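Number of protein chains: 2
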Amino acid sequence: MQIITDPPKNKWPELLARPLLNSDALEDSVKKILEEVRQEGDRAVRSLTKRFDGADIPIFRVTPDEFDQADARLSSDTKKAIATAIENITRFHKAQMPAKIRIETTPGVQCWQKSVPVHSVGLYVPGGSAPLFSTVLMLGIPARLAGCERIIVCTPPGKDAAIHPAILYSAKAIGITEVYKVGGVQAIAAMAYGTETIPAVNKIFGPGNQYVTIAKQIVSRQGVAIDLPAGPSEVLVVADETAIPSFVASDLLAQAEHGPDSQVILITTHPEIVEPILSELKTQLAALPRRNIAEKSLSGSKVFIVRDNQTMMDMVNEYAPEHLIIAARNAETLAELVVNAGSVFIGNYSPESAGDYASGTNHTLPTYGYAKVFGGVSIDSFMKKITFQELSEFGLRNLGPAVMNMAAVEELEGHRNAVKIRFDYLSKKQS
Amino acid sequence: MQIITDPPKNKWPELLARPLLNSDALEDSVKKILEEVRQEGDRAVRSLTKRFDGADIPIFRVTPDEFDQADARLSSDTKKAIATAIENITRFHKAQMPAKIRIETTPGVQCWQKSVPVHSVGLYVPGGSAPLFSTVLMLGIPARLAGCERIIVCTPPGKDAAIHPAILYSAKAIGITEVYKVGGVQAIAAMAYGTETIPAVNKIFGPGNQYVTIAKQIVSRQGVAIDLPAGPSEVLVVADETAIPSFVASDLLAQAEHGPDSQVILITTHPEIVEPILSELKTQLAALPRRNIAEKSLSGSKVFIVRDNQTMMDMVNEYAPEHLIIAARNAETLAELVVNAGSVFIGNYSPESAGDYASGTNHTLPTYGYAKVFGGVSIDSFMKKITFQELSEFGLRNLGPAVMNMAAVEELEGHRNAVKIRFDYLSKKQS
Chain B
1 MQIITDPPKN KWPELLARPL LNSDALEDSV KKILEEVRQE GDRAVRSLTK RFDGADIPIF
61 RVTPDEFDQA DARLSSDTKK AIATAIENIT RFHKAQMPAK IRIETTPGVQ CWQKSVPVHS
121 VGLYVPGGSA PLFSTVLMLG IPARLAGCER IIVCTPPGKD AAIHPAILYS AKAIGITEVY
181 KVGGVQAIAA MAYGTETIPA VNKIFGPGNQ YVTIAKQIVS RQGVAIDLPA GPSEVLVVAD
241 ETAIPSFVAS DLLAQAEHGP DSQVILITTH PEIVEPILSE LKTQLAALPR RNIAEKSLSG
301 SKVFIVRDNQ TMMDMVNEYA PEHLIIAARN AETLAELVVN AGSVFIGNYS PESAGDYASG
361 TNHTLPTYGY AKVFGGVSID SFMKKITFQE LSEFGLRNLG PAVMNMAAVE ELEGHRNAVK
421 IRFDYLSKKQ S
Chain Y
1 MQIITDPPKN KWPELLARPL LNSDALEDSV KKILEEVRQE GDRAVRSLTK RFDGADIPIF
61 RVTPDEFDQA DARLSSDTKK AIATAIENIT RFHKAQMPAK IRIETTPGVQ CWQKSVPVHS
121 VGLYVPGGSA PLFSTVLMLG IPARLAGCER IIVCTPPGKD AAIHPAILYS AKAIGITEVY
181 KVGGVQAIAA MAYGTETIPA VNKIFGPGNQ YVTIAKQIVS RQGVAIDLPA GPSEVLVVAD
241 ETAIPSFVAS DLLAQAEHGP DSQVILITTH PEIVEPILSE LKTQLAALPR RNIAEKSLSG
301 SKVFIVRDNQ TMMDMVNEYA PEHLIIAARN AETLAELVVN AGSVFIGNYS PESAGDYASG
361 TNHTLPTYGY AKVFGGVSID SFMKKITFQE LSEFGLRNLG PAVMNMAAVE ELEGHRNAVK
421 IRFDYLSKKQ S
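Protein chains in written order, with this note's numbering: chain B, 1 to 431; chain Y, 1 to 431.
Calculated from the structure, these hints are not laboratory results. Among the clues, some could well be false.
Chain copies aren't distinguished; within one or between two, either way the pair holds.
Computed cross-link-like contacts, DSS-like style, restricted to lysine-lysine with a CA-CA straight-line distance of at most 27 Å [to be verified]:
{"no.": "1", "residue 1": "K296", "residue 2": "K94"}
{"no.": "2", "residue 1": "K80", "residue 2": "K420"}
{"no.": "3", "residue 1": "K429", "residue 2": "K79"}
{"no.": "4", "residue 1": "K429", "residue 2": "K282"}
{"no.": "5", "residue 1": "K172", "residue 2": "K100"}
{"no.": "6", "residue 1": "K302", "residue 2": "K79"}
{"no.": "7", "residue 1": "K94", "residue 2": "K32"}
{"no.": "8", "residue 1": "K420", "residue 2": "K282"}
{"no.": "9", "residue 1": "K11", "residue 2": "K159"}
{"no.": "10", "residue 1": "K9", "residue 2": "K420"}
{"no.": "11", "residue 1": "K32", "residue 2": "K302"}
{"no.": "12", "residue 1": "K282", "residue 2": "K302"}
{"no.": "13", "residue 1": "K79", "residue 2": "K159"}
{"no.": "14", "residue 1": "K80", "residue 2": "K428"}
{"no.": "15", "residue 1": "K11", "residue 2": "K94"}
{"no.": "16", "residue 1": "K302", "residue 2": "K420"}
{"no.": "17", "residue 1": "K282", "residue 2": "K428"}
{"no.": "18", "residue 1": "K9", "residue 2": "K50"}
{"no.": "19", "residue 1": "K80", "residue 2": "K94"}
{"no.": "20", "residue 1": "K79", "residue 2": "K11"}
{"no.": "21", "residue 1": "K296", "residue 2": "K32"}
{"no.": "22", "residue 1": "K302", "residue 2": "K9"}
None of these values were measured; they are calculated from a predicted model.
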């Protein structure tokens, strides 16, 4: 890790810049696959699955038998862990359910706002080396709570045409039984355009490799919504002298093991803790199965030493990390200063892993600085807000003059007339 | 208007299809302008303003003097109308302010969600023929309520280098004084990239012509957020025998006058009202200053005659209109069936114009079927939700085993270790 002391503020943007994501090179091949699925449906999905996953899948949809087998194969400890995660995620997301808002803005004018679920959503769950069944929970639970009518999951099969039992068990545990053994760009295409057996959905969620990410971006310009713009995962740890070096090192590594492009940053007000953290990092890294990946990620990562808490938190907000860990005295007070971050982990006993799996918060979060404008996935992501208004006769007479005046100034006579014609009608009716 | 009776459900998608928006032809010229501003800043903005608006603007920012002049030039009636609009829009949007949510999901695990304003926003306000000062209110009021730190407005100058007084008056009335006399693609570029005198912002809002829309789409792929994907404005009116034909006609025209590509649809369960509405339409059209525009829009529009209320509302949800007017018996009950729409106007005395200007609801709404997944602009559009979590020692010991189990199944040893190292530390400490 590169150590930088007292970086001047005007250098921050450069020092905190994310690596450029150049997707142009991949875009053509992604577009080709999308188009293939759009035109040939299941036939294309089948042949692409053979090509990319090495699996021959006659029927994409997971059968009740396969769910039963998954259930039989999963350990009771894992089932218990999943039950805990489901409980906490459900509690936190249920608390987010938006209330209906209804007020009389002026006498005779009722306005209200109602949240309505998005009808159909598609959840993409990466498979392969690490079966991310936690993603099933993080996307599926709020989708169910929001009341989405159709929830489907697409996830790539292994070479043996099977899906990891934890993925199937998690889906069924939260009431999702429409799971398709399809991954990669072909899955995004199927959920965007629909095939003979896989339905098109209104909104696509979920993480994925670079190809999946580009595919989501492309279909999002074609009328399908997506959850978030995506970039590599990130953690920023802020630490003072109360931080425990081995904890901080473990947090940096938990992020670094995600992928070689994972972004890892440490900011501290106390230079003396840097050496112990780096030394711990070395020890822990040696024991990590994914150490090759973590090493690559760490080689591009940075440690900043700054003068005070305010500078530290200013730098956090400039970077807008996906995950922020605050391992410092008065961590909750420092957390009050956060204005740009996806999810914040406060104190020495709140590792990112807690939120990744089971504390209750969502782990689908804005990366690449998008935390400046977007929040992570929440109940809101599965709903949209519709506004309503009802004017009584009195309300129209009350509000009408203001509307007519403004429409006239905007030179929209048709807008003015829609009020005037009602106004005149009521005046006549009254006399 | 084309009249279609009892369309079979499988024909709906085709009959309700929006015109294809092909922006490819314009994209190159938009990109060229964006790039010019990115590289040359104010100099490019100045020369583009000369070219496109015919105005020579030495200093883009509106001066206090210009605000004063606007105040002096605006009629007191219009000022009163604006005051009414501000009051109602403020009331409805204030009611939307999100509450902080905080719960203990499981003993020792505190999770909370806090809404934080987007730091800086840019509001684009079209000028030209119709000075859309209502847009200043619809975007500026929620931006102020949300607490955005920097709010700027860009709006094109007339040939005389001036901005319509209603725009300046409205901005100042809601506390926005950073207004720039810049329009078109050059305004979007300035707000996305920043120039020497115009600051880059985090999120850009506002309607505009096709060029502005394309520019917003392009910069939204470069890290700046935008409010909504845009298409031509739309109204769908549902009417039964209780609808008043002249009212319905006025509503169709209020939409049709927006632009030749405006989408206008009428659905009714009562064929006998179609003829009176069309006849009224003809009469009112003749009196409309923007009748050429309205005529073009109407020539592509449709009337559907259907059997019953359920079919009518199913068709509404299939189309997902930006504006929906329900002029029918039990309108509020029918409104309960709406799942896809931007804003809904209920009963005979709730013309769309009321919501366009002053009822309190927002007029920046999802078009082109995006109402299936997006709501209109609201307080949420100017904020993002950050999640926080804090585990106590007890919380970590409570939740730790579940997290460690799940991380192990996902084969993310680093994630598991971040918990294990704390768990072991606490066990040692206790013993």
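Here is how each hint holds up against the structure:
Neither within a single protomer nor between protomers do K296 and K94 lie at most 27 Å apart by alpha-carbon distance, with minima of 39 Å and 48 Å respectively. When the C-alpha separation of K80 and K420 is checked against a cutoff of 27 Å, the pair qualifies only between copies, where the shortest distance is 18 Å, while the shortest distance within a copy is 65 Å. For the identical chains of this complex, K429 and K79 are neighbours neither inside a copy (69 Å) nor across copies (30 Å), given an alpha-carbon limit of 27 Å. For the homomeric pair K429 and K282, the shortest alpha-carbon distance between copies (24 Å) is at most 27 Å, but the shortest distance inside one copy (85 Å) is not.
When the C-alpha separation of K172 and K100 is checked against a cutoff of 27 Å, the pair qualifies neither within a copy, at 30 Å, nor between copies, at 32 Å. Within a single copy, K302 and K79 get their C-alpha atoms no closer than 38 Å, and across copies no closer than 55 Å, so neither meets the 27 Å cut-off. In this assembly of identical chains, K94 and K32 lie within 27 Å of each other by CA distance neither inside one copy nor across copies; the values are 41 Å within and 47 Å between. For a Cα distance limit of 27 Å, the shortest separation of K420 from K282 across copies, 17 Å, qualifies, whereas the shortest one inside one copy, 76 Å, does not.
For the identical chains of this complex, K11 and K159 are neighbours neither inside a copy (48 Å) nor across copies (41 Å), given an alpha-carbon limit of 27 Å. Taking the shortest alpha-carbon separations for K9 and K420, neither the intra-copy value of 58 Å nor the inter-copy value of 37 Å comes in at or below 27 Å. Neither within a single protomer nor between protomers do K32 and K302 lie at most 27 Å apart by alpha-carbon distance, with minima of 38 Å and 36 Å respectively. Taking the shortest alpha-carbon separations for K282 and K302, only the intra-copy value of 15 Å comes in at or below 27 Å, while the best inter-copy value is 70 Å.
For the identical chains of this complex, K79 and K159 are intra-copy neighbours only, at 25 Å inside a copy versus 70 Å across copies, given an alpha-carbon limit of 27 Å. Within a single copy, K80 and K428 get their C-alpha atoms only as close as 71 Å, which misses the 27 Å cut-off; across copies the closest is 26 Å, which meets it. With identical chains, the CA atoms of K11 and K94 are never at most 27 Å apart, being 42 Å at best within one copy and 39 Å at best between copies. Taking the closest pair of Cα atoms, K302 and K420 come within 27 Å of each other only across two copies (25 Å); inside a single copy the shortest separation is 65 Å, beyond that limit.
In this assembly of identical chains, the alpha carbons of K282 and K428 lie at most 27 Å apart only when taken from different copies (23 Å versus 86 Å within one copy). For the homomeric pair K9 and K50, neither the shortest alpha-carbon distance inside one copy (52 Å) nor that between copies (37 Å) is at most 27 Å. Taking the closest pair of Cα atoms, K80 and K94 come within 27 Å of each other only inside a single copy of the chain (21 Å); across copies the shortest separation is 43 Å, beyond that limit. For the identical chains of this complex, K79 and K11 are neighbours neither inside a copy (49 Å) nor across copies (47 Å), given an alpha-carbon limit of 27 Å.
Taking CA atoms no more than 27 Å apart as the test, K296 paired with K32 passes in neither setting, with 31 Å inside one copy and 38 Å between copies. In this assembly of identical chains, the alpha carbons of K302 and K9 lie at most 27 Å apart only when taken from the same copy (16 Å versus 59 Å across copies).
The structure is inconsistent with the numbered hints 1, 3, 5, 6, 7, 9, 10, 11, 15, 18, 20, 21, although it conforms to all the rest.
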